[in-house]
Structure formats: C-alpha cells, structure tokens
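Participant: Sequence:
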Amino acid sequence: MSAVTVQQAFDLAVQHHQAGRLAEAEALYRQILAVQPQHADALHHLGVIAHQVGRHDLAVGWIQQAVTLNPGNPAAHGNLGEAWRALGRLDEAVAAYRGALGIRPDIPEVYNNLGNALKEQRRFDEAAAAYRHAILLQPLLAEAHSNLASVLTNQGRAEEAIAACRRALELKADFAEAHSNLGAALAELGRFDEAVVADQRALEIRPDLAETHRNLGDALIELGRYDEALAAFHRALEIRPGDADASFSQSLAWLLHGDFARGWPAYERRWEAHRLTRRNFSQPLWDGAALPGARVLVYAEQGFGDAIQFIRYAELIAERGGQVIVECLPEMVELFRSARAVSEVVATGGTLPPFDVHVPMLSLPRIFQTTLEGIPRTAPYLSPDPGRRALWRERLGSDRTRLRVGVAWSGSPRHRHTRKRDLPFEKLTPRFRLESVEYFRLQVDDAAEANPPPSGISGMIDHREHIQDFADTAAFMAELDLIISVDTAVAHLAGALGRPVWTLLPFVPDWRWGLEREDTPWYPTMRLFRQPALGDWDTVVQRVAGELETMATQRP
Numbered sequence: 033m034s035a036v037t038v039q040q041a042f043d044l045a046v047q048h049h050q051a052g053r054l055a056e057a058e059a060l061y062r063q064i065l066a067v068q069p070q071h072a073d074a075l076h077h078l079g080v081i082a083h084q085v086g087r088h089d090l091a092v093g094w095i096q097q098a099v100t101l102n103p104g105n106p107a108a109h110g111n112l113g114e115a116w117r118a119l120g121r122l123d124e125a126v127a128a129y130r131g132a133l134g135i136r137p138d139i140p141e142v143y144n145n146l147g148n149a150l151k152e153q154r155r156f157d158e159a160a161a162a163y164r165h166a167i168l169l170q171p172l173l174a175e176a177h178s179n180l181a182s183v184l185t186n187q188g189r190a191e192e193a194i195a196a197c198r199r200a201l202e203l204k205a206d207f208a209e210a211h212s213n214l215g216a217a218l219a220e221l222g223r224f225d226e227a228v229v230a231d232q233r234a235l236e237i238r239p240d241l242a243e244t245h246r247n248l249g250d251a252l253i254e255l256g257r258y259d260e261a262l263a264a265f266h267r268a269l270e271i272r273p274g275d276a277d278a279s280f281s282q283s284l285a286w287l288l289h290g291d292f293a294r295g296w297p298a299y300e301r302r303w304e305a306h307r308l309t310r311r312n313f314s315q316p317l318w319d320g321a322a323l324p325g326a327r328v329l330v331y332a333e334q335g336f337g338d339a340i341q342f343i344r345y346a347e348l349i350a351e352r353g354g355q356v357i358v359e360c361l362p363e364m365v366e367l368f369r370s371a372r373a374v375s376e377v378v379a380t381g382g383t384l385p386p387f388d389v390h391v392p393m394l395s396l397p398r399i400f401q402t403t404l405e406g407i408p409r410t411a412p413y414l415s416p417d418p419g420r421r422a423l424w425r426e427r428l429g430s431d432r433t434r435l436r437v438g439v440a441w442s443g444s445p446r447h448r449h450t451r452k453r454d455l456p457f458e459k460l461t462p463r464f465r466l467e468s469v470e471y472f473r474l475q476v477d478d479a480a481e482a483n484p485p486p487s488g489i490s491g492m493i494d495h496r497e498h499i500q501d502f503a504d505t506a507a508f509m510a511e512l513d514l515i516i517s518v519d520t521a522v523a524h525l526a527g528a529l530g531r532p533v534w535t536l537l538p539f540v541p542d543w544r545w546g547l548e549r550e551d552t553p554w555y556p557t558m559r560l561f562r563q564p565a566l567g568d569w570d571t572v573v574q575r576v577a578g579e580l581e582t583m584a585t586q587r588p
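Heads up: the sequence shown begins at 33 in this note's numbering, then just goes up one per residue.
Read the hints as simulated data drawn from the structure, not as lab findings.
The structure presented is a predicted model; accordingly, all values stated were derived computationally and were not measured.
Cβ atoms here follow ideal geometry from the backbone N, Cα and C, with glycine treated the same way.
Any given hint could be a false lead.
[Unchecked claim] Now the in silico label distances, taken between C-beta atoms and shown as ranges: (1) GLU581 to ASP240: 48 to 58 angstroms; (2) ALA66 to GLY120: 26 to 36 angstroms; (3) ASP291 to PRO385: 36 to 46 angstroms; (4) PRO171 to GLU270: 31 to 41 angstroms; (5) LEU384 to ASP225: 44 to 54 angstroms; (6) GLY325 to ARG465: 54 to 64 angstroms; (7) ALA379 to GLY353: 24 to 34 angstroms; (8) LEU317 to ALA66: 51 to 61 angstroms; (9) GLY120 to ARG62: 21 to 31 angstroms; (10) PRO385 to ASP240: 49 to 59 angstroms; (11) ASP501 to GLU304: 26 to 36 angstroms.
Given the sequences, and given the hints that come with them, work out the whole structure.
Facilitator: Here you go:
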C-alpha cells in the first residue's frame with residue numbers, strides 16, 4: 033500500500049467513522065497500521081472507536097500511542113481524557129484535558145469535558161470555572177450551560193442553576209440532561225411538584241437516564257408518593273444495576289416506612305453514595321459474632337445526631353461480651369463517657385488504644401437485625417455530669433415559677449435537608465409570647481445567625497458562652513422543663529437523656545421518624561409534631577404554642 037493509498041484508505045475510514053459504520057472504519061484503520069504501525073492518526077481514531085464501543089482500556093492504549101507519536105494533536109489529548117474519565121481515572125483525565133488546552137486553549141468542548149471530570153471529583157469551583165470558560169468561547173454550547181447548572185446546584189446556588197438550565201433549554205429544547213438538571217435544582221429549592229414535571233420530561237426524551245429516575249424517586253418521596261418513588265428507584269437500578277445513589281435512596285424509602293429488613297442492608301451503600309471514606313484497619317470488621325473479652329472500636333461516621341442516636345448499641349455489644357471503645361468528634365467525648373457499657377472514649381484524630389475488631393456506628397442496626405418493634409429504647413442511656421449540672425442549677429437560679437423551655441430552630445447548614453427541616457423564626461414570633469415561659473437558646477453554632485432569633489420571643493436567654501461541648505448542653509438540658517427542637521442533634525440529645533422533648537418535623541421527615549405517628553420508638557420521652565402538608569410550619573407552630581400554653585397553665 034503506497035503512501036497515497038494509505039491516505040486514501042484513511043480518508044475512507046474517516047468517512048465510515050463519521051457515518052457510524054464503525055466496523056468498516058476499524059477494519060481500514062487496522063489495515064493502515066499493518067502497513068504503517070506508527071500512523072498516529074489511525075491509532076488515535078482506532079482508540080476513539082474503542083471508546084465508543086465501551087472498550088475504554090483499549091482506547092487509552094491506542095490513543096496514548098498516538099499522543100506519543102504526535103504530542104501536538106489537541107484532539108488526541110482531549111479524547112484520551114474522555115477514555116480516562118470513562119475508566120474513572122479522573123486525575124489522568126484532567127491531566128489529558130489540560131494537555132489539550134495547553135496546545136490549543138480555545139476548544140470549548142474540552143473545557144466542558146474538563147468541567148465534567150472536575151465535577152466528578154467534587155471540585156465544584158474549578159468545574160464551574162471550566163464550564164464558564166466553555167460558555168465564554170461558545171455561548172451557544174447547551175451542554176456547558178446544563179453542566180454548569182449541575183455544579184451550581186451542588187454549590188447550593190439553585191436559583192442560578194435554574195437560570196442556566198433555562199438557557200440550555202432555549203438552545204436545545206429536547207435536551208434531556210438539561211431537563212434533569214432543572215429537576216434537581218427545583219428539588220433543591222423544595223419545589224418538588226415542578227421537579228417531578230422536569231424529571232418526567234427528561235425521561236420522555238431519554239428513558240435510560242438512571243440518575244433522573246433516582247432524582248424523580250427522591251422528589252416523589254418528598255411529596256409522599258411512596259409507591260411511585262420505589263418504582264422510580266427500581267427502574268434506576270434496572271438501567272444501572274448496583275448504582276449506589278439509587279440503592280441508598282431506596283434504603284431511605286424502606287427505612288422511612290419501617291421496612292428495616294430491606295432497609296438496613298441497602299443502607300450500607302451510604303459509603304459510596306455519600307463519598308464517605310472507609311476506615312482502613314488491619315483488624316477485622318466486626319460481623320456480629322460473640323465477643324468474649326474482645327475490644328471493639330465503634331466509631332461515629334456522620335452527624336452529631338446520628339452518633340447520639342446509635343451510641344445506644346454499646347449495651348448490646350457488651351451483652352455479646354465486647355468491651356466498647358468509642359471514637360467520636362471532640363465535642364462529644366465527655367458526653368459519651370456517660371454512656372452505659374462504654375469503657376473508653378477517644379477523639380477523632382487522636383491515638384487509638386488497642387482493639388480487636390471495629391465497626392462503624394450506623395452499621396450496628398443491621399448487625400443486630402433491628403426491627404421497628406425491637407429498637408433498643410431504654411432511656412436515658414446518656415446522663416449529665418453532676419458537677420456541670422450543679423453549675424447550671426446555680427447559673428439559672430432557684431426561681432422555678434416559670435416554665436423553662438429550651439429552643440433550637442436550625443440545624444447545620446451543611447446538612448442536605450437544611451432547607452426543609454429548619455424553622456424560620458418569623459413563624460415563631462407571633463406565637464411564642466407566653467409570660468409564664470422562659471425561653472432558652474439551645475443552639476451554639478453561628479450558623480443559626482442566618483436565621484436569627486426574633487425580638488418577638490420574650491426573654492430568649494442566651495448562655496452560649498458557657499457551652500463548650502455536648503456535655504455542657506446535656507447538663508443545661510437537665511435543668512429545663514421542656515426542649516422544643518427541629519430535627520437536629522438537640523432533639524436527639526434530649527431524647528437520649530430522657531428529657532421531655534417536642535420535635536418539629538417537615539411533611540416528609542428523615543427516615544428515622546417514620547410516618548404519621550406522634551411518638552417514636554427511638555425515644556420514649558419525645559413527641560413528634562409533623563407538618564400536615566409540604567412546608568406548612570404555621571400549623572405546626574400553632575399546635576405547639578397551644579400545647580405549650582396548656583402545659584404552662586397546668587404546671588403546679
């Protein structure tokens with residue numbers, strides 16, 4: 033085959049390739065390489081075909097050879113990035129995209145692809161910058177607008193995300209991914225009815241979008257449409273078996289409805305879904321076997337409230353013969369030293385004592401095969417330090433003529449459901465004005481300043497300067513008559529201490545509170561006050577205010 037015929041063969045192969053006749057194109061590329069093994073363009077295009085048919089490992093091999101032979105070809109670097117990204121090798125993908133842009137910095141599609149890789153690494157600021165650069169170069173690139181929207185939603189900038197989606201859909205009305213990203217942004221703002229419409233439109237165009245089926249299920253759950261949500265999660269898993277996000281969402285739906293038998297095993301997918309880092313110890317993971325004399329490391333893995341809720345399982349471990357060592361965040365160390373059956377507590381990041389087996393705290397319900405009826409509910413299972421409690425008794429004084437009520441209205445702003453679970457203070461202002469009640473602030477972090485106390489709550493007493501950790505909060509709570517809290521660590525702590533606590537819940541709450549009932553098997557001294565409809569805090573506050581007035585009036 034002469035040089036001319038090689039060129040003719042290559043041109044013909046490219047025509048086949050562009051027309052989607054991949055087998056014919058691949059055969060010609062291979063014929064060219066049989067004659068000219070170092071034909072960089074044939075190697076490159078052969079790698080592109082391998083990527084198109086899902087053989088990404090082969091694609092990397094072919095395209096790397098092409099890049100070695102012709103390092104000045106930006107398209108080869110860019111396509112190598114796509115192959116690396118398909119293999120999940122994101123660092124290599126980012127390097128390849130940057131290599132392409134180093135040769136030719138005006139390719140909007142490469143900036144878009146770079147943004148995709150950075151987004152998968154959760155480097156959202158860098159991803160947004162890459163998408164914006166793509167849009168600057170090509171304002172009509174609908175994919176970049178849509179992808180930017182996805183990043184903006186992850187950054188908590190849902191309103192901007194919606195605008196970016198709208199622009200993408202102006203450019204490309206049948207763009208399924210843009211409809212899907214619009215649904216995610218709307219859901220982030222609590223506009224679940226609109227989110228369902230957007231997700232369903234995306235699936236009309238592309239029924240194979242597993243992530244959209246999962247997002248649809250999440251939105252349906254928030255609307256109380258449980259059966260439809262489970263069907264959506266099931267479809268997501270049919271399309272992408274083993275998908276961690278869909279499996280985890282499915283687990284939350286099962287747990288919410290009390291189906292613990294299916295919920296706990298699926299809840300183990302939280303590691304992948306939340307991108308949590310598994311602990312890497314040489315000692316084995318505990319599987320629930322008997323533990324005569326063994327030292328068991330139990331480590332907190334999520335929020336403060338989760339740790340407080342599940343520290344109760346220390347007693348069950350001890351019943352199987354284990355000595356319980358707890359690792360937790362520093363703010364909880366002193367509190368957890370009061371937990372029954374806990375022999376030692378260490379702060380996260382500190383030096384761990386010797387141990388024989390380990391277990392993450394939120395895997396314990398699965399290991400003990402906890403059912404709704406069999407929840408370990410002995411309370412209190414935490415107790416205030418007597419010395420600290422005496423200080424609070426002195427600090428608050430001996431006058432008990434008024435009802436002492438602690439209030440928490442906001443949780444961590446980093447929590448994924450902060451928007452729906454936090455109670456805006458303007459909802460409280462007209463109601464909580466009883467002169468027979470003293471109100472005490474139980475929030476200690478400054479995150480609540482975005483939702484500050486109203487002047488209308490008479491005598492909101494602030495003792496934050498005296499609260500350094502949860503042991504201080506526990507001692508404070510012991511001197512109060514009632515705790516009123518949204519779904520945050522304050523509510524869990526009150527329940528674990530056996531204090532009277534009223535927990536205010538959104539229409540569809542976190543899984544642990546179940547549905548409909550006004551009590552909870554997790555905490556015998558807790559009452560649940562639920563929104564009767566999506567976003568209806570007014571009814572909740574009105575009811576709580578009425579109950580509080582009755583309680584204050586009937587107090588001896």
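Participant: It remains to establish, for every hint, whether it holds in the given structure.
Facilitator: Right, here's what the structure says about each hint:
{"no.": "1", "hint": "GLU581 to ASP240: 48 to 58 angstroms", "in the structure": "56 angstroms, holds"}
{"no.": "2", "hint": "ALA66 to GLY120: 26 to 36 angstroms", "in the structure": "33 angstroms, holds"}
{"no.": "3", "hint": "ASP291 to PRO385: 36 to 46 angstroms", "in the structure": "38 angstroms, holds"}
{"no.": "4", "hint": "PRO171 to GLU270: 31 to 41 angstroms", "in the structure": "38 angstroms, holds"}
{"no.": "5", "hint": "LEU384 to ASP225: 44 to 54 angstroms", "in the structure": "49 angstroms, holds"}
{"no.": "6", "hint": "GLY325 to ARG465: 54 to 64 angstroms", "in the structure": "58 angstroms, holds"}
{"no.": "7", "hint": "ALA379 to GLY353: 24 to 34 angstroms", "in the structure": "26 angstroms, holds"}
{"no.": "8", "hint": "LEU317 to ALA66: 51 to 61 angstroms", "in the structure": "53 angstroms, holds"}
{"no.": "9", "hint": "GLY120 to ARG62: 21 to 31 angstroms", "in the structure": "28 angstroms, holds"}
{"no.": "10", "hint": "PRO385 to ASP240: 49 to 59 angstroms", "in the structure": "51 angstroms, holds"}
{"no.": "11", "hint": "ASP501 to GLU304: 26 to 36 angstroms", "in the structure": "32 angstroms, holds"}
Comparing the model with each earlier hint shows no violations; every hint is respected.
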